[in-house]
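K.L.:
Line by line, the protein sequences give chains A and L. Under the working numbering, the first residue of the first sequence carries the number 1, and numbering increases by one thereafter. Under the working numbering, the first residue of the second sequence carries the number 1, and numbering increases by one thereafter.
One or more of the hints may lead you astray.
What the hints assert, rightly or not - Straight-line alpha carbon distances no greater than 25 Å define the calculated DSS-like cross-link-like pairs of lysine-lysine that follow:
#	chain 1	residue 1	chain 2	residue 2
1	A	K290	A	K279
2	L	K73	A	K315
3	L	K60	A	K221
4	A	K319	A	K302
5	A	K288	A	K258
6	A	K182	A	K231
7	L	K60	A	K94
8	A	K364	A	K290
9	A	K94	L	K73
10	L	K73	A	K258
11	L	K85	A	K433
12	A	K171	A	K72
13	A	K279	A	K361
14	A	K436	L	K164
15	A	K302	A	K315
16	A	K72	A	K302
17	L	K60	A	K93
18	A	K134	L	K73
19	A	K93	L	K85
20	A	K221	A	K142
21	A	K319	A	K72
22	A	K319	A	K243
23	A	K433	L	K164
24	A	K436	L	K85
To be verified - Computed Cβ-Cβ distance ranges for the label pairs, DEER-style:
#	chain 1	residue 1	chain 2	residue 2	range
25	L	L98	A	K181	52 to 62 Å
26	A	K142	L	I306	25 to 35 Å
27	L	T34	A	K319	35 to 45 Å
28	L	S121	A	D186	31 to 41 Å
29	A	E227	L	T72	32 to 42 Å
30	L	L117	A	K182	53 to 63 Å
31	A	K243	L	G167	18 to 28 Å
What the hints assert, rightly or not - Partial chain L-side listing against chain A, Cβ under 8 Å, derived:
#	residue
32	Q61
33	P105
34	S259
35	Q281
It should be emphasised that the hints constitute simulated quantities derived from the structure, not laboratory data. Note that the Cβ used here is the ideal one computed from N, Cα and C, for glycine as well.
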Amino acid sequence: MKRSHNMAMRVGAGIAAVATLMGMAACGSTNNAGDTAATSNGPTEIEVWTWSTTGQQQAEAFNKSQNEVKVKVVLQASNTAQQQNFRNAFEAKKSLPDLVQGFAPLTTNVANGWAEDITDSIQPILGIFSDGAKKNAELNGKYYGIPVAPAGQYSISNTDVLSKYGVDAPKTWDELLALGKKSNADGVKIFNLAGEDPSVLMQLAQEAGANWFSIDGDSWKVNFLDEGSTKAADIIQQMIDGKMVSNETWTDTGSLYKFFDSGNLAFMTTQYWSVPNFKTNMPNTSGKWKISAYPEIDGTAKVPGIVTQVDFVPKGTDKAHQEAVMKWEKYINSDEGIEAGRDKASNTVPLPTGLSGDLTKYVKANIPDGFYSNPDDAVDIINTATKDVMGGFNLGPDYDAWFPELQDQWGKAVNGQITVKEALKNTQDFVAKDLKSKGINYTVD
Amino acid sequence: MSNAKSAPATPQSPKRGGHISWRTLEALKGASFTWPFLAGFIFFVIIPVAMALQVSLYSKQKSGLGLGEATTKFVGMQNFVEAVKDVTFWTGLGRVALYAIIVVPLTQLLSMAIALLIDASSKRMASRFRIFLLLPYMTPGIVATTIWIYLYSPSVGPLTPFFKMFGLNVNFFSSGMVWGSIGQMAIWGGLGFNMLIMYGSLQAIPGEIIEAARLDGASELRIAVSIKVPYMLTSVALTTMLNIIATVQLFDQPFLFRSVSPQTITKDFTPAMMIYNQAFQVGNLNYATALSIVLAVIMGIASAIIYKLQNREN
Numbered sequence: 001m002k003r004s005h006n007m008a009m010r011v012g013a014g015i016a017a018v019a020t021l022m023g024m025a026a027c028g029s030t031n032n033a034g035d036t037a038a039t040s041n042g043p044t045e046i047e048v049w050t051w052s053t054t055g056q057q058q059a060e061a062f063n064k065s066q067n068e069v070k071v072k073v074v075l076q077a078s079n080t081a082q083q084q085n086f087r088n089a090f091e092a093k094k095s096l097p098d099l100v101q102g103f104a105p106l107t108t109n110v111a112n113g114w115a116e117d118i119t120d121s122i123q124p125i126l127g128i129f130s131d132g133a134k135k136n137a138e139l140n141g142k143y144y145g146i147p148v149a150p151a152g153q154y155s156i157s158n159t160d161v162l163s164k165y166g167v168d169a170p171k172t173w174d175e176l177l178a179l180g181k182k183s184n185a186d187g188v189k190i191f192n193l194a195g196e197d198p199s200v201l202m203q204l205a206q207e208a209g210a211n212w213f214s215i216d217g218d219s220w221k222v223n224f225l226d227e228g229s230t231k232a233a234d235i236i237q238q239m240i241d242g243k244m245v246s247n248e249t250w251t252d253t254g255s256l257y258k259f260f261d262s263g264n265l266a267f268m269t270t271q272y273w274s275v276p277n278f279k280t281n282m283p284n285t286s287g288k289w290k291i292s293a294y295p296e297i298d299g300t301a302k303v304p305g306i307v308t309q310v311d312f313v314p315k316g317t318d319k320a321h322q323e324a325v326m327k328w329e330k331y332i333n334s335d336e337g338i339e340a341g342r343d344k345a346s347n348t349v350p351l352p353t354g355l356s357g358d359l360t361k362y363v364k365a366n367i368p369d370g371f372y373s374n375p376d377d378a379v380d381i382i383n384t385a386t387k388d389v390m391g392g393f394n395l396g397p398d399y400d401a402w403f404p405e406l407q408d409q410w411g412k413a414v415n416g417q418i419t420v421k422e423a424l425k426n427t428q429d430f431v432a433k434d435l436k437s438k439g440i441n442y443t444v445d
Numbered sequence: 001m002s003n004a005k006s007a008p009a010t011p012q013s014p015k016r017g018g019h020i021s022w023r024t025l026e027a028l029k030g031a032s033f034t035w036p037f038l039a040g041f042i043f044f045v046i047i048p049v050a051m052a053l054q055v056s057l058y059s060k061q062k063s064g065l066g067l068g069e070a071t072t073k074f075v076g077m078q079n080f081v082e083a084v085k086d087v088t089f090w091t092g093l094g095r096v097a098l099y100a101i102i103v104v105p106l107t108q109l110l111s112m113a114i115a116l117l118i119d120a121s122s123k124r125m126a127s128r129f130r131i132f133l134l135l136p137y138m139t140p141g142i143v144a145t146t147i148w149i150y151l152y153s154p155s156v157g158p159l160t161p162f163f164k165m166f167g168l169n170v171n172f173f174s175s176g177m178v179w180g181s182i183g184q185m186a187i188w189g190g191l192g193f194n195m196l197i198m199y200g201s202l203q204a205i206p207g208e209i210i211e212a213a214r215l216d217g218a219s220e221l222r223i224a225v226s227i228k229v230p231y232m233l234t235s236v237a238l239t240t241m242l243n244i245i246a247t248v249q250l251f252d253q254p255f256l257f258r259s260v261s262p263q264t265i266t267k268d269f270t271p272a273m274m275i276y277n278q279a280f281q282v283g284n285l286n287y288a289t290a291l292s293i294v295l296a297v298i299m300g301i302a303s304a305i306i307y308k309l310q311n312r313e314n
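Work the whole structure out from these sequences, hints included.
P.N.:
Printed below as a string of structure tokens:
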């Protein structure tokens, strides 16, 4: 009897353990109406996946500030880890969160069937975002992501180099090329083109008016060789052919910063969040970098910015949870929420680039002392870059497939094995082949 | 019942009235020790392989703008046919095969030499060296690669200035050198493990054989070549096979080196990199799975050939 009692206890314990595990597994699965009903008497619980280390402290502050929504933050090891975890959860069709920090562009999120149409639920908070940010979350007239804007690009020039060649900070790409022709004889480079990072080409193309993907009815129009792209390719090709560029990689940061700090680099384009690292790693040239606007290409000032990571609400998330997500978004984009996300180690708050309204106080808080030679101009230039950053550069339905191909082609182009135009042509051919294999309609202009 | 009747009724195997015999019981008891392994093998090898086979028989297709979930359809062996015809995949495989032809024998020769040297030294010294040489093997591949990227760095690493002292201008990240840089890392990482396996086989040599050889006046070199090396052959075959498998699966080193030598190392540089790209970048899990199965079959064939050759040697 005792033995059978023990057995019954064991079986009972086993069932309880399995039930507990199932309950835990179901906890994150808020993508059905049943969960909403279960929480109808209390706050709506939402699960947020992020790799931001300040997400938890924001959630705690938010949960204390109100009792309608309870946020549970699941910290991911990295952007890549989050991407893989989400893909696995999505394939398994269970335990999906209610909000995912972006790891892919908007169209990729929609093309993969990951993102829910949140056009209705986002309306109450849409006003807090800038127009550029809104464009980055909209596809075919519907919102599939939380509006977001990249940090606006601007330029910094080494004042020692400028003085040596008697020029001012380049205002146009032509002026930069002219400086390169002078400085190259002394081994001073005008730009760094990392072989793994074609973002310079993409940004320059965007500034020049390129549009690699656009929707035409039920088909994609693909054009990597339009007028804007060709202009951008020509500028970069001149730099490469004239041997005016360095090719330091971002993987070997020690070598990269040593070169940046050597006085042999005249110019770079950058964004606000890179500068604290420059300040720390470039002691010799700190205080000698003059900030100016992003170089003009056609006589008009434009600030390129391509968004490759858009936060989204996973497909199947019900209306009640979508609305709860919007309350959370409203909070984290408020002054109180931004302050709750202050990084304790660096004592900084990020610049909320996608918001409308005056961001001057956040811009000021993100300008490190002693890096710019003209710190008084920095506030205006970064403010303008943040407000005017372009939006809506569509990356198509297969960005994950073609971007590594562009990286391969770009690596060859900056090393002179092929031209930049050939790199664009090869990437376009790859896109056409990939879209065809996936059964997606397209035309190549 | 008929078995029970026909079985010899000995005291060791009392099979009466349908009872399990003592021998069977003992055999089952013994076999029960394999259950933890068997369970793991079924759950983590057999079932995933079966699932992979299933996934590889399907394909996802979209329509229109490609927005929204894809439809999955059964395509039979189409993914495998494409894999067999995929020039990029086979080029990558050829690349790693060529790399293996150079790196694997080098690793094995160095491991054998070190194992023999340690075997010839005192036990205390051997113990110290074993741990020291195992350290690279214990270091995770990604960490080791990051460290070596720093060491190889032309600008801040110590190796470039070291070679400059001898008038050599070496760029470890250049197209011509990148394979050598990766191969050197692989040898550094694999040496300790191979050495340990080979050293283990040396410890199994009966002491009296070595002693007899010494009494017959054989030199240490002669003892190593004529006695120790033949005893090591089984472990050499095993480590060679493991090295070949690891080389064909080459991933983390070229994956990180891609940033420093993008003009040479492309996204499909090795078969493992191509499978990763197809699965996690392109999102074509079905084709990536088919490629994985093809790669596994190739490695299975290579392993079978090595075992066959080894048996012939024996």
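K.L.:
Confirm or reject each hint.
P.N.:
Now for the hints, and whether the structure bears them out:
| no. | hint | result |
| --- | --- | --- |
| 1 | A:K290 x A:K279 | holds (13 Å) |
| 2 | L:K73 x A:K315 | holds (22 Å) |
| 3 | L:K60 x A:K221 | holds (22 Å) |
| 4 | A:K319 x A:K302 | violated (38 Å) |
| 5 | A:K288 x A:K258 | holds (15 Å) |
| 6 | A:K182 x A:K231 | holds (22 Å) |
| 7 | L:K60 x A:K94 | holds (20 Å) |
| 8 | A:K364 x A:K290 | holds (17 Å) |
| 9 | A:K94 x L:K73 | holds (22 Å) |
| 10 | L:K73 x A:K258 | violated (54 Å) |
| 11 | L:K85 x A:K433 | holds (16 Å) |
| 12 | A:K171 x A:K72 | violated (47 Å) |
| 13 | A:K279 x A:K361 | holds (21 Å) |
| 14 | A:K436 x L:K164 | violated (52 Å) |
| 15 | A:K302 x A:K315 | violated (35 Å) |
| 16 | A:K72 x A:K302 | violated (40 Å) |
| 17 | L:K60 x A:K93 | holds (16 Å) |
| 18 | A:K134 x L:K73 | violated (37 Å) |
| 19 | A:K93 x L:K85 | violated (33 Å) |
| 20 | A:K221 x A:K142 | holds (19 Å) |
| 21 | A:K319 x A:K72 | holds (18 Å) |
| 22 | A:K319 x A:K243 | violated (56 Å) |
| 23 | A:K433 x L:K164 | violated (47 Å) |
| 24 | A:K436 x L:K85 | holds (18 Å) |
| 25 | L:L98 x A:K181: 52 to 62 Å | violated (43 Å) |
| 26 | A:K142 x L:I306: 25 to 35 Å | violated (58 Å) |
| 27 | L:T34 x A:K319: 35 to 45 Å | violated (53 Å) |
| 28 | L:S121 x A:D186: 31 to 41 Å | violated (57 Å) |
| 29 | A:E227 x L:T72: 32 to 42 Å | holds (40 Å) |
| 30 | L:L117 x A:K182: 53 to 63 Å | holds (60 Å) |
| 31 | A:K243 x L:G167: 18 to 28 Å | holds (25 Å) |
| 32 | Q61 | holds (4 Å) |
| 33 | P105 | violated (30 Å) |
| 34 | S259 | holds (4 Å) |
| 35 | Q281 | holds (5 Å) |
Of the numbered hints stated above, those contradicted by the structure are hints 4, 10, 12, 14, 15, 16, 18, 19, 22, 23, 25, 26, 27, 28 and 33, listed in ascending order.
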